[in-house]
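Asker: Protein chains in written order, with our numbering: chain A, 1 to 516; chain B, 1001 to 1352; chain C, 2001 to 2319.
To be clear, the hints were calculated from the coordinates, so they are not data collected in a lab.
Some hints here could point you the wrong way.
[As the list claims (entries may be wrong)] Covered stretches of chain B (in silico footprint by chain A; criterion: 3 or more residues with CB under 8 angstroms from a CB of chain A, positions within the stretch not fixed):
| hint | region |
| --- | --- |
| 1 | 1185-1195 |
| 2 | 1219-1233 |
[Claimed, not checked] Simulated coverage check for chain B against chain C, where a stretch passes if three residues somewhere in it have a Cβ under 8 angstroms from a Cβ of chain C:
| hint | region |
| --- | --- |
| 3 | 1048-1060 |
| 4 | 1112-1122 |
| 5 | 1145-1155 |
| 6 | 1242-1250 |
We put the beta carbon where it would ideally sit given N, CA and C, even for glycine.
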Amino acid sequence: MDKKVDYSEYAVVMKGITKRFPGVLANDRVDLFVKKGEIHAIVGENGAGKTTLMNQLYGLIKPDDGKIYINGVETQINNPNDAISSKIGMVHQHFMLVDRLSVVENIVLGQEPVRGPFFALNRARKEIKDLSKKFGLIVDPDSIIEDMPVGMQQRVEIIKVLYRGAEILVLDEPTAVLTPQETNELFEVLKSLKFQGKTIIFITHKLNEVMAITESVTVMRLGRVTGVVKTSQTSPKELANMMVGREVLLTVEKNSAHPGDEILQVKDLVVKENRGIEAVRGLSLNVRSGEIVGIAGVAGNGQTELTEAITGLRKVESGKIIFKDQDITGFSPKKRREMGMGHIPEDRLKHGLIKTLPIYYNFILGEHDDPKFSDGIFLKIEDIKKFSETLVKRFDVRPPNIDLLGMNLSGGNQQKVIVAREIAFDPIFMVVSQPTRGLDVGAIEFIHKTLISMRDKGIGILLISMELEEIFSLSDRILTIYEGQIMGEVTPENTTTEAVGLMMAGHRLEDIHQEV
Amino acid sequence: MKDWKKYVLNEKVIISLLSVLISLAVAAVVMLIIGKNPLVAYAALFYGAFGTKEAIIDNLMKTSPLILTGLAVGFGFRAGLFNIGANGQVIIGALLAAYVGTMVASYPFYLSIPLVMVAGMVGGALWAAIAGWLKAYRGAHEVITTIMLNYVATFIANYVVNGPFQAPGGVPKSPAIAYSAQFPNIMSVGATSLSTIIFVSLAAIVVIYVIIQKTTIGYEVKAVGFNPYAAEYGGISIGKNVVLAMAISGALAGLAGTTQVVGVYGRYFGALGGSMGFDGITIALIGQNDPIGIGLAAFLISSIRTGSNQMQIAGVPKDMVTIIQGIIIFLVATNRIIKTLRVRKRKEVAEV
Amino acid sequence: MNEWIQAIFNVFTNPTFYKSTLTQSTPLILAALGGVFSETTGVTNIALEGIMLMGAFGGVMGSYFTGNPWYGLLLGTFFGVGMAALHAWASIKYGADQIISGTALILLAQGITGFALVELFGQPGSTDLVRSIPLVDLGSFKQVPFVGDIFGNLSPFVYIAFASVAFGWILIYKTKLGLRMRSVGNNPESADTLGVNVYNVRYFGVIMSGFFAALGGAYLSIGELGQFTTNMTNGRGFIALAAMIIGNWNPVGAMSASLLFGGATAFNNQLQSQSVLNLSTNTQYIFGMIPYIITLIVVGGLIGKSRAPSADGVPYIKE
């Protein structure tokens, strides 16, 4: 029997939490102590177990072992309703909103105010307006979620949590979809919440944010807690060390670029997204061989539509795309590939791999009718397998078994397969979207090194990423996109993250006073 | 096919076998409820399917078109398409084959037979391609469109056979096709004959197997079926492959109808299609979309149907067979998902 | 040409056309409403055809054994709900492919009804005649010209159908349960995180779809005819699905689309009986195709404008 311990000064104590999934120990005897009224960060790489831990706090999954204490009292949290009764609220990384419904409908779902058999929205609307004012989160109760920008959707998520009287707020990677300015606004909201006595737990992998706003940090790695420190007594370098277990290079070593001729020109491009609204609005850019052009921007500003237009997956309303001095605006994706355009898609499982087919099939996707692999009707299976074995060795894909299905590989190895495939067909230009999303540090280093070596071989790369650090460390030139237009072009040497952040939020380069 | 032992004992085969066994057990319980002895009924079924030479021939003759419709639906499944329209494609294919069959009287058999076969396949292919096109370029769900096309095909057939394409005598059937277009029989026992069309079905199994496993078309169709987004990113045209897959599927169904015309009846008449289209779904599911599995499943269903007459004599109505079929599909649908969930968590070597 | 114009005019000025529209649409309205219930919560239910058949058979069976058609109605809906429950069990609990499960159930319904038909009534094809649900006689209202001919003597099913649509619309858009249904059909994970029981809401949706579809099927047999014949639904379950799609998954929209289809069939039938046109019996086949071709065109042409609930057909699997 444990001797009686007093946890009453802590809002949340999770003691000895263990959670197993088939094949992986997600949480291994994890202890978490969060004082009342503090802002506490949980940091770790992808796959460290942070989200799993918080999902147990919120009752979405049940721990195999361990106990949870809320405000000093041992509590069973078997489902989200229990968590909500314990005044815990969670804002997930991927918003849990119902897109087709309105703000007020989303907020009251599960706790609908009723009048007889019907529901009474007016009461709810009033409560939402009050909460909005109190915490500085302005929203229109009747707008439909799918029509709202992401930053505002997040506000809805937070109000949703406050509407249920949450005293303990858990935020999972909240800044992944925000500009630096919106992040600052969020931090102001969090400070205001803390001031009103709320406790905040903040999951992130962005160390500068940890330093900016939190009071203490729990570091996790591979399911275990590797360190608990006070923010004031640590540094990003130390935190990174605890996250990864070794010295980590936070930037990539590279030589300067030697760009050649222009291989891609985009002129006044206008592209519509699925619902008919213009996503790319008169955009122009160019990429030369042997350089990496990075496009910085918050998700949802037209990057997806831009890459789809360049690779041929989406129709262009007006404007031109010129590749190798030819107007390819109407060309099929297949033709563009044949001309030497490669693509690493942003969603590797959805767009890059066929996870239910073996790896050797995936290695030739896009090249399957090339004479190397097919004689027109029949596939040359032996040749395909030999080719795959070569690539697996060259790119160190693990496990090195080409008969495994795509879905049996880890994220990093899946990405390696895609990168290997694209490089192997000798492109002169690549569109690379979010190449390191969800990957661990080792895989990220590998991908970055590969991209640099591609550039040094003379390949022109258009890099789209939401991670500003990645853009800064890889790009030779940085363009910032906002609402389908380029706000300005800079180089990593002559700009700052603040300046780029301002452009990401809609300010044009000319209007910003830059500090070099 | 080297490690056939692994092939036979794998998860998918077990699911299918189990589904069939459970279904037979459930049917046995139903029989007990209505006061019949299931053992007697199943014995009758067995006898009816295998007991006499006539029975075996009848069985094989029923298997032949089922193999083709099973392949048709199975190929569609591979491309991620649910072709419930095999019935209609059988009808249109058979009609066209019968029509061409009446026109080739003056041609030698090595011309007339291919002409008639091609006509039947083209008919089925075009009919299915309509649904394929509607899906690829209009987003219309193929379940509804193919079912609607089934009804339209039936009406067309009824109209045609009661009017412009009617044999003399006022009976709703088409005129007989030319002798040169008919398939010879291998042997005859009493009133039943084993036609050479059985070889067409067997050949089809091999051809489809090769297409799926060893050709670029098979590669593209599979890619589109498993992950259309990734296929598109790889430059594969989704629209083209959807229409093509439906066309191939329809061609197989049309071929099923054609073989009935050239090998069994020598003409088209109303009940020619029967339920072979819908049966194709059962067969594709039991056979897990695998050409060889489909062949076996077709034989199973055909045996059950052939034996059902005898079973009816033993007191159990023929509709029991439809019930058995329904239960099998239901179990396969539910089981596959459970097993897939379990299997996905373990590492699995390729099953293409 | 003139005879055609005359014939069409005759059809539209005859109250029988309008009454026939109502009676032809009623089973569609009910079945389509059933489809709406199920798909709003995110479960595709193409087994409507099979459920209608079971409802039709149950209706006759109950009426036959008890002599009271209302017990028949009860039995019919019981069968329908039972079949829907099977679909719900397979799709919701086991995440089975909903199209395959639906197809299996249609087969089962055809098999079971055919089988039971022989077992209970001794011969295949059709049952004996049984008592059907009495019509609502509006007394002297029948004397009112035109309108009285249409509404004077309708089956209660017609009233039930329209009342059900109103019920469905209010439930889905104006109540707490309806909000949960809509959220579960679009973003089940989000609803789950707020403590909504996704499984239960989906079960409700599917069971209700079984109830309404069975009602629609029962109308076919004990609504006016008083008999069950093999496969008497004849594709109506699928037309109801098309009506649901055209109606944009909205109860009122589905009703309007069902009226459209019912009207097309009624128009067909009335047109053919016009002696002004000298039609051979063979043309019935040409005319018979029309509703199906309309469905084809509509499903093929309008699909861009209607949007299914986002999670429709996707099983929700809790980790």
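Asker: Against this structure, judge whether each hint is valid.
Answerer: Hint check results:
1. Counting residues of the region 1185-1195 of chain B whose beta carbon lies closer than 8 angstroms to any beta carbon of chain A gives 0, which falls below the threshold of three, so the coverage claim is violated.
2. Closer than 8 angstroms: that is the beta-carbon criterion, and the region 1219-1233 of chain B has 11 residues meeting it against chain A, so the requirement of 3 holds.
3. Under a criterion of three residues with beta carbons nearer than 8 angstroms to beta carbons of chain C, the stated coverage of the region 1048-1060 of chain B fails, only 0 such residues being counted.
4. As drawn, the region 1112-1122 of chain B meets chain C at 0 residues by the rule of a beta-carbon pair under 8 angstroms; below three, the given contact is violated.
5. Against chain C, the region 1145-1155 of chain B contributes 7 residues with a C-beta closer than 8 angstroms to a partner C-beta. That satisfies the three-residue criterion, and the hint holds.
6. Counting residues of the region 1242-1250 of chain B whose beta carbon lies closer than 8 angstroms to any beta carbon of chain C gives 0, which falls below the threshold of three, so the coverage claim is violated.
In the structure shown, a violation is registered for the earlier hints numbered 1, 3, 4 and 6, in ascending order.
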